[in-house]
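A.B. asks: Listed here are the chains, written in short residue letters.
There are 6 protein chains.
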Amino acid sequence: MRYLTFGEIMLRLKAPGVERFFQSPVLEATFGGGEANVAVSLANYGCDVSYITVLPDNPIADACIAELRRFGVCTRLIKRGPGRMGIYFLEGGANQLPSKVVYDRAYSAIAMAKPGDINWDEAMDGIDWFHITGITPAISEGAMALSLESVKTAKSKGITVSCDLNFRKNLWKYGKSAPEVMTEIAKYVDVAIANEEDVQKSLGINIDVDVESGKLDTDKYRILSDEVLKAYPNMKMIAITLRESKSADINGWAACLNDREKFYISRRYEINDIIDRVGGGDAFAGGLIYGLTHYDDKQKALEFAVAASCLKHSIPGDFNRVTLKDVENLAKGDASGRVQR
Amino acid sequence: MRYLTFGEIMLRLKAPGVERFFQSPVLEATFGGGEANVAVSLANYGCDVSYITVLPDNPIADACIAELRRFGVCTRLIKRGPGRMGIYFLEGGANQLPSKVVYDRAYSAIAMAKPGDINWDEAMDGIDWFHITGITPAISEGAMALSLESVKTAKSKGITVSCDLNFRKNLWKYGKSAPEVMTEIAKYVDVAIANEEDVQKSLGINIDVDVESGKLDTDKYRILSDEVLKAYPNMKMIAITLRESKSADINGWAACLNDREKFYISRRYEINDIIDRVGGGDAFAGGLIYGLTHYDDKQKALEFAVAASCLKHSIPGDFNRVTLKDVENLAKGDASGRVQR
Amino acid sequence: MRYLTFGEIMLRLKAPGVERFFQSPVLEATFGGGEANVAVSLANYGCDVSYITVLPDNPIADACIAELRRFGVCTRLIKRGPGRMGIYFLEGGANQLPSKVVYDRAYSAIAMAKPGDINWDEAMDGIDWFHITGITPAISEGAMALSLESVKTAKSKGITVSCDLNFRKNLWKYGKSAPEVMTEIAKYVDVAIANEEDVQKSLGINIDVDVESGKLDTDKYRILSDEVLKAYPNMKMIAITLRESKSADINGWAACLNDREKFYISRRYEINDIIDRVGGGDAFAGGLIYGLTHYDDKQKALEFAVAASCLKHSIPGDFNRVTLKDVENLAKGDASGRVQR
Amino acid sequence: MRYLTFGEIMLRLKAPGVERFFQSPVLEATFGGGEANVAVSLANYGCDVSYITVLPDNPIADACIAELRRFGVCTRLIKRGPGRMGIYFLEGGANQLPSKVVYDRAYSAIAMAKPGDINWDEAMDGIDWFHITGITPAISEGAMALSLESVKTAKSKGITVSCDLNFRKNLWKYGKSAPEVMTEIAKYVDVAIANEEDVQKSLGINIDVDVESGKLDTDKYRILSDEVLKAYPNMKMIAITLRESKSADINGWAACLNDREKFYISRRYEINDIIDRVGGGDAFAGGLIYGLTHYDDKQKALEFAVAASCLKHSIPGDFNRVTLKDVENLAKGDASGRVQR
Amino acid sequence: MRYLTFGEIMLRLKAPGVERFFQSPVLEATFGGGEANVAVSLANYGCDVSYITVLPDNPIADACIAELRRFGVCTRLIKRGPGRMGIYFLEGGANQLPSKVVYDRAYSAIAMAKPGDINWDEAMDGIDWFHITGITPAISEGAMALSLESVKTAKSKGITVSCDLNFRKNLWKYGKSAPEVMTEIAKYVDVAIANEEDVQKSLGINIDVDVESGKLDTDKYRILSDEVLKAYPNMKMIAITLRESKSADINGWAACLNDREKFYISRRYEINDIIDRVGGGDAFAGGLIYGLTHYDDKQKALEFAVAASCLKHSIPGDFNRVTLKDVENLAKGDASGRVQR
Amino acid sequence: MRYLTFGEIMLRLKAPGVERFFQSPVLEATFGGGEANVAVSLANYGCDVSYITVLPDNPIADACIAELRRFGVCTRLIKRGPGRMGIYFLEGGANQLPSKVVYDRAYSAIAMAKPGDINWDEAMDGIDWFHITGITPAISEGAMALSLESVKTAKSKGITVSCDLNFRKNLWKYGKSAPEVMTEIAKYVDVAIANEEDVQKSLGINIDVDVESGKLDTDKYRILSDEVLKAYPNMKMIAITLRESKSADINGWAACLNDREKFYISRRYEINDIIDRVGGGDAFAGGLIYGLTHYDDKQKALEFAVAASCLKHSIPGDFNRVTLKDVENLAKGDASGRVQR
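Protein chains in written order, with full-length UniProt numbering: chain Z, 1 to 341; chain X, 1 to 341; chain C, 1 to 341; chain W, 1 to 341; chain E, 1 to 341; chain U, 1 to 341.
Note that these hints are calculated values from the structure, not bench results. It cannot be assumed that every hint is accurate.
[Said to hold, decoys possible] Keeping only pairs whose Cα atoms sit at most 27 Å apart, straight-line, the calculated DSS-like set for lysine-lysine is: (1) C:K100 with E:K298; (2) E:K332 with E:K298; (3) E:K246 with U:K325; (4) X:K325 with W:K79; (5) W:K152 with W:K187; (6) X:K173 with U:K79; (7) X:K100 with C:K300; (8) U:K100 with W:K332; (9) Z:K100 with X:K332; (10) W:K79 with Z:K100; (11) W:K100 with E:K325; (12) U:K169 with W:K325; (13) X:K236 with X:K187.
All chains should be modelled from the sequences, with the hints used to inform the complete structure.
C.D. replies: Take a look at the structure:
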């Protein structure tokens with residue numbers, strides 16, 4: 001089984017620990033981005049996964065590629081092109097204080113890439129599963145075109161396509177709205193992943209649940225997922241993540257999956273001391289792709305995905321630095337946090 | 001609108017992170033002190049604020065002044081004089097372990113200052129609001145005399161005077177007790193700020209609520225504030241902060257305000273993962289001064305103050321490094337802590 | 001009153017803060033081990049305590065000895081011998097992610113020590129209380145023999161012997177099982193300390209309580225302790241610690257003590273933001289030994305021990321860096337975590 | 001005397017200490033840029049100095065402005081506009097390994113600014129000295145136009161104009177070459193500052209000295225400076241810095257000044273353990289401007305400038321964190337480095 | 001061209017910066033070992049290189065392998081086996097204070113490996129160049145046997161064999177002396193690398209030059225290398241590194257190469273501010289292997305090797321984190337250390 | 001052989017690494033002071049040494065005492081009294097930039113101690129060697145009186161007294177000048193230690209050598225020491241340290257000793273990359289006391305002292321963290337700085 005993910009990876013510059021920006025003259029410097037995060041998850045579980053993007057040809061991008069290689073992600077397909085390395089600045093939050101992202105990703109190499117810059121036919125040779133998100137088409141006209149090329153090629157080669165809708169309100173600045181593009185991309189998607197807001201803002205499908213509030217109503221998610229599957233007959237299934245945001249530290253976390261035959265609901269986790277929320281959704285996507293390709297039982301696949309993303313909240317950085325065994329243990333039900341020795 | 005605050009600013013030396021003193025051979029070195037903290041809050045909200053104190057003429061005091069300037073606080077009135085820079089050592093706490101303050105502030109420049117060392121008439125030229133606390137008069141005979149001079153001058157110039165009673169049991173060592181002095185100062189105060197213990201220990205006004213325990217009884221605070229206002233006919237209003245200390249990490253936080261016409265009670269926040277409690281009261285004072293001078297509605301002013309101080313608990317250091325927008329968002333009710341991107 | 005503890009001390013190499021191993025190229029480097037941790041606790045409370053072990057003759061072991069001396073533990077009895085300094089690697093956990101210990105303690109100097117390498121008669125000269133744990137006899141044939149020698153000598157000299165049963169499933173690799181050895185050692189023990197799993201795995205005494213689950217049932221512990229005391233007529237008392245592991249951050253913590261006359265149950269603490277769990281049991285043992293030798297009242301001794309170990313959860317590192325006063329304050333009931341200034 | 005400097009300030013992201021990029025997942029994060037560095041120098045010497053630039057409206061730029069304010073630089077003239085905050089990545093060098101700069105400054109707010117975006121007439125109101133460098137006109141067509149506007153306005157208002165020619169071969173990408181622009185700007189300059197390469201690459205004036213080699217030949221610099229002054233009759237004087245680069249740690253450092261009347265040569269410093277070379281030239285410019293406006297004696301002014309920039313090599317970061325007294329002491333000849341206590 | 005190196009890689013635990021052991025409770029934690037260092041060098045220059053060793057199956061060894069992968073070294077041949085991960089502790093030196101290595105490498109997985117544990121025939125499939133050092137056979141009887149197996153297999157498959165003699169006086173504890181083993185291994189070596197002490201202590205070939213003293217005498221090295229080549233007729237060439245140790249910071253560095261036809265002497269570098277000397281010899285070996293397989297000119301190959309190892313002295317850690325271009329620039333003669341921007 | 005030293009120990013707060021004060025919000029926090037530094041040196045060499053001082057009763061002083069205990073210094077004689085813990089702030093220098101000390105030691109416990117506060121008779125029971133410096137009598141009237149008491153008691157008990165004259169121009173503020181006091185103390189001194197400036201400023205004995213300049217003239221030191229010995233007939237010998245301060249990084253270092261019979265001159269060390277100069281003189285004193293009490297040969301004693309203090313320049317912090325073997329190796333002549341493994 002070979003996997004490929006495509007999207008933007010950025011330099012992530014975070015104020016250290018619980019500090020505000022420039023409280024100390026230091027930034028924690030790592031790398032991350034939705035699709036790269038998914039690739040790292042799959043590599044961590046022992047999968048053969050490649051990641052493709054466009055990066056500039058400089059030492060910062062070299063370090064980024066080396067970091068991906070460290071996790072065992074194959075980086076041979078990565079292209080170098082004009083433009084910058086995208087950056088995002090991050091300030092952690094706590095209690096009632098939200099964490100903040102400041103994007104500096106304009107003019108990145110992937111944003112400046114043009115249709116045809118990637119030979120998708122070659123890149124997808126031997127690939128079984130292709131993953132993309134709703135972030136890449138939001139970056140620029142060119143990245144959108146590349147995204148469309150990618151899913152079309154994948155489809156034509158019989159590759160399973162998963163897509164995390166991932167709506168980002170501060171992107172989509174090149175003249176197209178999210179629904180204009182995402183409704184087109186969705187036609188090529190086998191496995192959709194989303195939260196409720198994504199469904200609404202990317203696909204324009206609404207049912208009235210207040211995103212800001214907390215308590216879940218699983219019936220609504222069943223209805224919502226049914227509507228998406230009705231709108232996209234090609235789509236084999238959709239998974240919806242259910243986050244209850246009580247504070248920057250305390251979240252409830254669960255997910256559901258609708259595969260047209262059955263509506264699965266996962267165990268719900270209470271996370272009381274969130275270390276880093278960023279990448280939680282990507283950890284879910286990575287876990288779900290792993291689960292769907294390694295378990296026959298969709299409930300098990302969903303539980304693996306939710307456990308994986310639950311653990312991500314305890315790990316600093318975008319990447320979900322867990323082992324297969326860590327996730328399996330939690331998915332099996334051991335959430336006691338006892339010291340392992 | 002121009003503001004002035006007066007008091008002592010100290011070098012704050014904290015054991016790093018969650019460590020005990022000298023567990024590592026390093027101390028986090030910042031600056032802080034009640035009245036300076038209030039000035040920084042006001043500057044952060046975009047106000048034109050000056051801070052006055054007496055500091056020695058050495059590179060440590062220079063750095064302190066530079067740090068205040070960084071936040072936009074006007075430091076031109078600061079005087080240099082004989083004596084040291086006050087220091088306080090701080091060890092963070094967690095759970096049942098309290099954080100600890102070790103004072104090394106004896107013989108500071110402000111403690112050694114004498115009446116007449118500050119030309120209050122000049123310093124207060126053009127000032128609309130003057131803020132002081134009960135800490136300065138607790139330091140030394142001289143600082144007490146300067147404090148008295150300051151409020152009298154302010155009064156004579158028609159400047160609004162606010163005072164955070166701030167009782168500190170380990171000060172008041174120069175021969176006067178807190179009530180002897182504070183009952184005199186209180187006569188010049190328009191806006192008093194206090195917690196219940198401050199009222200009791202500084203003004204000698206008691207009603208029987210156990211400071212150490214938790215659950216609030218708002219009626220008591222109405223009565224208590226009424227008594228203070230009765231005792232000080234000049235006082236236009238008093239705000240009382242209501243902290244429920246469940247552990248070093250978990251506090252309930254709210255406040256009330258009595259303006260002789262109405263008794264306002266704020267929303268109550270549960271803070272579950274306190275980052276730094278020191279300066280929480282000063283953040284309230286800063287927020288209240290801002291609120292009272294920017295909102296017509298006293299409930300809104302109080303909510304702003306409580307939101308501001310609630311956020312302070314999530315920020316390391318004495319200074320409340322929040323933006324006006326951060327506070328407004330929380331005061332409006334968004335406490336979900338969702339990532340802002 | 002002079003105390004002696006005997007066992008292995010290791011170099012403790014922890015991933016910094018909340019990071020996974022090698023997320024940064026740095027390890028927090030301290031020292032720790034069950035019996036040394038107990039010695040440090042006693043020294044912190046002002047007791048005259050010695051620690052005996054076998055260490056290699058190199059700068060890392062020198063630093064370890066210096067660190068013990070720093071706390072006031074007498075290190076003059078420590079022997080140097082062939083073999084390594086044992087190491088354990090530690091990764092902190094959070095929420096549902098457990099912390100992990102990776103042992104690298106094989107071939108340590110104490111593991112390679114042989115019966116007769118320590119002159120117990122001399123070492124115990126003037127000693128009133130001797131403490132050992134179930135870890136040392138688990139290390140190697142030689143360490144087991146030395147452990148047996150030690151308790152026999154102590155007994156013969158009328159020294160009170162305490163033993164923390166401390167079952168470690170990844171040790172016991174030299175050919176003997178835990179019960180084979182520990183049932184023999186237990187014959188010389190005056191004060192046994194254990195959790196339920198220890199009793200079961202070390203002494204083979206079971207009653208059916210699920211170790212992984214949470215809610216306590218104090219009756220069971222009364223019965224369990226009665227059975228141990230019945231099996232070991234020499235044993236004067238047994239204390240059992242009661243941990244409810246809700247997550248890596250949140251634990252309930254309490255203990256009980258059975259002295260054949262009465263069954264004491266301590267106050268129960270809810271610890272919501274665990275800083276470091278490792279050494280929590282040792283802090284209990286240290287507190288209990290102090291309590292039993294300084295209070296006539298066993299309830300008070302038990303409360304002291306539970307308060308001490310409760311505080312340990314808020315302190316990074318193996319050693320319980322608290323003062324006598326810190327523990328006394330909590331044992332007396334002040335768990336509010338208010339800033340002390 | 002009021003000073004104004006204009007140019008780009010960047011976020012400076014440096015690999016920590018002597019490490020290569022991403023050897024640790026951390027970057028030292030400060031700010032710097034030629035003209036801002038000059039402003040900080042002047043502020044450090046107690047001068048009334050303003051800095052003008054265009055920055056985006058985000059928290060990173062806010063922190064940059066706060067940092068300038070910290071040093072006492074007036075930041076009120078700084079404009080906010082579309083575009084990014086420029087960044088440069090820096091890796092320190094040692095011995096034969098050069099330090100490396102990776103620019104990420106394309107599309108910065110100042111690069112995207114247009115002629116007319118700054119009201120130079122207002123900005124220069126009350127200013128006596130205006131400083132610019134050859135970096136700003138190298139950034140973009142717009143920045144070049146703003147630079148030209150600035151020197152013309154200054155000239156028309158009788159303000160003294162200084163310009164550090166500062167040739168940067170990796171800029172000048174918008175279609176104009178350095179000499180095309182700089183020969184025009186030079187017509188408005190009263191005080192030129194340069195090293196030999198700058199003169200050659202910016203003004204196209206050559207004499208044959210090998211830039212890479214070491215040993216100085218002062219006659220050549222006399223001739224070179226004479227030629228520049230001949231070419232620009234408006235120019236009152238030119239200072240040339242003389243760096244002998246023996247290794248990344250060891251440099252000789254001196255300068256000369258030609259004021260048409262006399263050719264001054266400074267003392268020469270051997271710097272054997274360079275801490276940070278970046279900003280050394282700016283420290284010279286700042287020192288020279290201070291010297292020329294505070295000393296009647298040009299030799300003294302030059303010695304002050306060389307001493308100031310010599311000291312910069314011992315200070316990490318772009319800014320020359322020295323006091324007036326530090327520079328005066330060295331300029332007077334105390335280079336012994338004895339502990340001051 | 002495919003390369004393979006074989007040997008032990010250790011966890012390297014260094015006191016931070018210039019500190020002594022445990023001056024701070026932290027150790028810099030990286031990985032290194034002679035043959036792995038050579039593999040990293042080759043990977044950095046863009047070569048296709050594999051590294052083979054035996055490591056335990058635990059998270060520390062996993063991190064070690066990930067780190068090698070980061071540099072692009074192929075780690076697929078690495079075997080897991082019983083035993084520990086070898087460790088070495090390092091304290092940096094300065095001036096007259098030498099840096100110190102404390103080995104904790106006994107009982108490592110490679111030390112406990114047995115002949116036959118590695119299938120050399122498979123491992124060397126497709127390999128053109130095999131590199132080994134004199135450290136591996138010094139570790140244990142088993143590692144020695146594996147080393148002999150490796151060079152014999154390489155020889156039989158027509159693979160070029162290079163060997164860095166690398167004498168370590170604190171190893172060789174299993175019953176064989178260095179010359180007993182190394183004279184046998186040398187028979188299979190095509191390219192020998194050594195310093196004078198190595199030749200003497202490993203091969204027993206002496207000429208009288210004092211290792212501790214400084215000034216070089218190139219004639220001696222010509223004679224010495226001639227003698228080695230005479231003793232080992234199979235050997236095609238020998239390179240000898242020439243270090244002049246003036247202090248922990250200041251070393252002269254050069255090398256010579258004798259290929260039976262000609263005696264080449266490299267440029268000599270003065271390194272005045274050594275950052276990290278460990279791995280300097282390995283950087284030479286890596287550079288020489290690269291040079292000999294990429295340049296026809298042996299002088300150029302030697303200059304590349306010396307430049308590479310010269311640069312290593314400016315880089316912290318065992319690995320030579322330079323690029324091909326860095327080395328080429330220095331080999332071409334630019335040692336000025338000017339900032340590259 | 002038992003040693004005792006008496007003086008002030010301070011909290012030492014240093015800007016990290018090469019940074020200026022508050023460039024980062026952190027201070028390196030250790031402890032140091034002339035006489036404590038000497039005690040640590042002696043303890044490091046294995047001597048039985050006590051240190052006596054007066055400290056406040058707070059957690060900072062507790063940590064200071066623990067740190068001394070870590071090195072094996074006996075701290076039982078240390079008294080607690082009113083007053084502060086003295087502090088000194090330190091900024092490292094480099095090249096032409098001197099390091100700077102900012103004292104905050106006024107009102108320290110030892111400064112506020114009174115004659116009679118220490119029972120010298122008891123403290124000196126069993127002591128063979130007593131060491132003091134010229135710093136203690138410079139602090140305050142009381143500290144001066146205690147110093148005089150101490151040397152008189154020592155003399156009366158036949159204890160050898162050593163004194164490092166150590167002139168500090170920023171102390172001596174209580175009304176007495178250095179010569180007024182030091183000429184009295186010198187009468188009780190057996191072994192005097194000084195540099196030329198100390199002799200001149202403390203004892204008022206001059207010969208014309210320029211302290212600021214470099215090149216040594218050993219004849220002058222012979223004459224100078226002869227004059228001191230002539231003035232103090234009780235004095236058995238005087239050692240004079242000879243520092244050539246070329247820059248903050250580069251110093252020459254040597255010493256001479258005059259024992260009335262012979263004038264010894266030590267080897268001279270060139271130190272090119274000074275890590276920390278503070279405590280260099282104390283390291284000499286500690287080394288000399290060790291040497292004089294362990295070697296019959298005074299040349300050897302002097303070489304030991306100079307080697308010890310030479311090494312101190314390579315060690316951060318006040319304390320000379322070297323082993324006996326480190327010093328012996330250098331004293332024997334190995335200054336090559338080769339890696340020890």
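A.B. asks: Now tell me, hint by hint, if it's right for this structure.
C.D. replies: Evaluated hints:
no. : hint               : verdict
1   : C:K100 with E:K298 : violated, 52 Å
2   : E:K332 with E:K298 : holds, 14 Å
3   : E:K246 with U:K325 : holds, 20 Å
4   : X:K325 with W:K79  : holds, 21 Å
5   : W:K152 with W:K187 : holds, 9 Å
6   : X:K173 with U:K79  : holds, 24 Å
7   : X:K100 with C:K300 : holds, 25 Å
8   : U:K100 with W:K332 : holds, 18 Å
9   : Z:K100 with X:K332 : holds, 18 Å
10  : W:K79 with Z:K100  : holds, 24 Å
11  : W:K100 with E:K325 : holds, 13 Å
12  : U:K169 with W:K325 : holds, 19 Å
13  : X:K236 with X:K187 : holds, 11 Å
The structure does not agree with numbered hint 1 stated previously, though it agrees with all others.
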